[in-house]
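There are 2 protein chains.
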Amino acid sequence: MILIKLGGSVITDKSVPLSFSKDVVYKMGEAIYGLSESEPVILVHGGGSFGHYYSVQYDMHTKPRRYSLDGFAIVRNSMVKLNSLILDVLAQCGLRTYCCPPSVLVYSNDAPYHDGSITNKYNAIPERVQELQTIAKSGMCPVLYGDAMWHKDKMSYILSGDVIMSMLSEMLHPRLAVFTMDVDGLYTSMESKKIIPKVDAQRLAEFNITDDTQKNDVTGGMVRKVRAATEISSNGVDVFFVNGKKPDRLTNILHNKYAGTYFSSD
Amino acid sequence: MILIKLGGSVITDKSVPLSFSKDVVYKMGEAIYGLSESEPVILVHGGGSFGHYYSVQYDMHTKPRRYSLDGFAIVRNSMVKLNSLILDVLAQCGLRTYCCPPSVLVYSNDAPYHDGSITNKYNAIPERVQELQTIAKSGMCPVLYGDAMWHKDKMSYILSGDVIMSMLSEMLHPRLAVFTMDVDGLYTSMESKKIIPKVDAQRLAEFNITDDTQKNDVTGGMVRKVRAATEISSNGVDVFFVNGKKPDRLTNILHNKYAGTYFSSD
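As you go down the protein sequences, you meet chains U and B in turn.
What the first sequence shows, in the numbering used here, is residues 123 to 388, in sequence order.
What the second sequence shows, in the numbering used here, is residues 123 to 388, in sequence order.
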């Protein structure tokens with residue numbers, strides 16, 4: 123099974139509110155359809171110029187707090203809208219999608235896991251996450267996304283798509299976790315734009331991480347992604363950073379060709 | 123707390139696929155906003171010419187079965203689309219919506235309720251349903267909808283908005299459960315078009331139920347609604363059938379005026 127994140131910077135133009143990059147998503151969808159013919163696929167998408175844009179506007183973050191309830195509604199609604207656009211395009215590519223908003227998978231403080239026990243650091247409902255795998259193996263393509271989530275007591279928080287990738291990786295052990303982005307991979311530096319093709323745990327500790335944040339980005343850009351990649355590979359799952367605007371590189375995963383940055387879990 | 127169903131025949135033109143009746147929804151939204159200023163509101167909407175239309179096309183029903191997985195995807199995606207359109211309009215009316223797809227609230231055979239115990243006939247997750255009430259009391263307006271749901275083993279089923287109304291009524295005991303429709307209420311007969319203004323349990327047993335099904339309607343039209351009304355009022359919750367295209371009648375709920383059919387739970 124392969125997990126693929128459709129990065130917010132790929133599926134939208136993050137500098138233009140509510141802009142959906144339909145052609146880019148379509149081409150990625152075609153590549154993903156090709157992959158899905160060989161193995162189950164689960165997709166996660168980011169918020170881009172929909173959820174991210176509004177969460178920045180309303181100063182909402184990943185830590186639960188009494189953020190503006192107007193903002194909470196606006197961010198959540200914008201993600202329904204983006205998700206609907208994505209589902210449409212993926213359907214055109216032949217993918218039989220299963221829409222799964224993250225509220226289905228995680229419990230909240232107001233709706234704890236039955237006896238109040240904590241399942242894991244993600245507050246994930248184990249049965250629901252396992253069910254996703256069953257659904258994917260049945261020929262459907264689950265589609266999840268980062269979202270604004272209810273916590274308790276008028277508090278909300280942002281659950282990012284990157285954290286969802288970590289959660290699913292830890293709980294489902296896909297053979298690969300792919301992060302599509304609008305750059306070719308992890309650069310050694312912003313100046314050289316030289317891609318690091320392969321990273322192992324030792325290498326990761328050695329180099330400087332370039333913080334590739336845009337002004338509108340609430341969840342920390344490339345730093346967050348490298349953090350997620352580190353976490354995921356430390357859980358025994360390989361990670362691949364690839365340019366989503368170059369969909370052939372997605373297709374080439376089938377041929378074990380990785381034009382991007384490959385994080386080995388060994 | 124008041125529960126309101128936005129009937130599929132009101133929010134869409136059920137004979138025209140993917141037709142959204144934006145103006146009607148807007149006017150209802152204004153009335154609902156008025157109600158929400160006095161008490162918490164939870165909304166449920168039907169599938170109309172989105173989910174209903176496609177579930178008929180793919181011959182999908184409320185009983186779990188190995189229906190077409192293509193159909194399952196198409197129905198589910200169409201509901202995301204309709205829900206997004208509704209959320210947009212309700213936001214324009216000032217409502218601070220909280221999108222809650224029914225998969226958040228019910229467990230499946232693949233994702234049972236923790237220890238496999240059965241909570242109730244709706245397979246509802248009690249903590250999640252209670253959380254909705256907390257969210258509504260916090261100034262948000264939860265919006266749920268009928269949907270295509272995963273069961274297990276490539277089986278799916280249709281969970282209708284009417285059943286969701288029954289479920290929420292039984293578990294949350296709103297002061298009133300309102301069903302908006304495109305007629306003035308329950309007729310004594312199709313010929314007379316005379317509205318029955320008030321129904322008690324005894325009366326319900328006495329008259330002939332007019333089956334107001336359209337060709338595209340999968341969940342049984344008026345028969346299903348009366349069945350839901352009967353069930354809800356037998357659980358101690360009053361029910362009101364009202365014409366959603368006459369939104370003043372929704373507003374008049376505030377003034378205890380009920381121009382439609384009122385099912386008394388006494």
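No wet-lab data here; the hints were simulated from the structure.
Any given hint might turn out to be false.
Given that identical chains are not distinguished, each listed pair holds provided it fits within a single copy or across any two copies.
As the list claims (entries may be wrong) - Taking lysine-lysine and the DSBU-like style, the derived pairs with C-alpha atoms no more than 30 Å apart in a straight line are: (1) Lys-259 <-> Lys-276; (2) Lys-276 <-> Lys-315; (3) Lys-276 <-> Lys-316; (4) Lys-185 <-> Lys-316; (5) Lys-274 <-> Lys-367; (6) Lys-259 <-> Lys-368; (7) Lys-259 <-> Lys-274; (8) Lys-276 <-> Lys-379; (9) Lys-185 <-> Lys-259; (10) Lys-367 <-> Lys-316; (11) Lys-243 <-> Lys-274; (12) Lys-185 <-> Lys-320; (13) Lys-368 <-> Lys-144; (14) Lys-185 <-> Lys-368; (15) Lys-149 <-> Lys-276; (16) Lys-379 <-> Lys-320; (17) Lys-367 <-> Lys-315; (18) Lys-149 <-> Lys-368; (19) Lys-203 <-> Lys-144.
Cross-check of the supplied hints:
no. : hint                : result
1   : Lys-259 <-> Lys-276 : between (38 Å within a copy, 10 Å between copies)
2   : Lys-276 <-> Lys-315 : neither (44 Å within a copy, 46 Å between copies)
3   : Lys-276 <-> Lys-316 : neither (46 Å within a copy, 46 Å between copies)
4   : Lys-185 <-> Lys-316 : neither (34 Å within a copy, 57 Å between copies)
5   : Lys-274 <-> Lys-367 : neither (39 Å within a copy, 36 Å between copies)
6   : Lys-259 <-> Lys-368 : within (27 Å within a copy, 47 Å between copies)
7   : Lys-259 <-> Lys-274 : between (34 Å within a copy, 12 Å between copies)
8   : Lys-276 <-> Lys-379 : neither (48 Å within a copy, 33 Å between copies)
9   : Lys-185 <-> Lys-259 : between (34 Å within a copy, 23 Å between copies)
10  : Lys-367 <-> Lys-316 : within (18 Å within a copy, 62 Å between copies)
11  : Lys-243 <-> Lys-274 : both (17 Å within a copy, 27 Å between copies)
12  : Lys-185 <-> Lys-320 : neither (32 Å within a copy, 51 Å between copies)
13  : Lys-368 <-> Lys-144 : within (14 Å within a copy, 39 Å between copies)
14  : Lys-185 <-> Lys-368 : neither (34 Å within a copy, 44 Å between copies)
15  : Lys-149 <-> Lys-276 : between (40 Å within a copy, 28 Å between copies)
16  : Lys-379 <-> Lys-320 : within (12 Å within a copy, 71 Å between copies)
17  : Lys-367 <-> Lys-315 : within (17 Å within a copy, 60 Å between copies)
18  : Lys-149 <-> Lys-368 : within (9 Å within a copy, 46 Å between copies)
19  : Lys-203 <-> Lys-144 : both (13 Å within a copy, 16 Å between copies)
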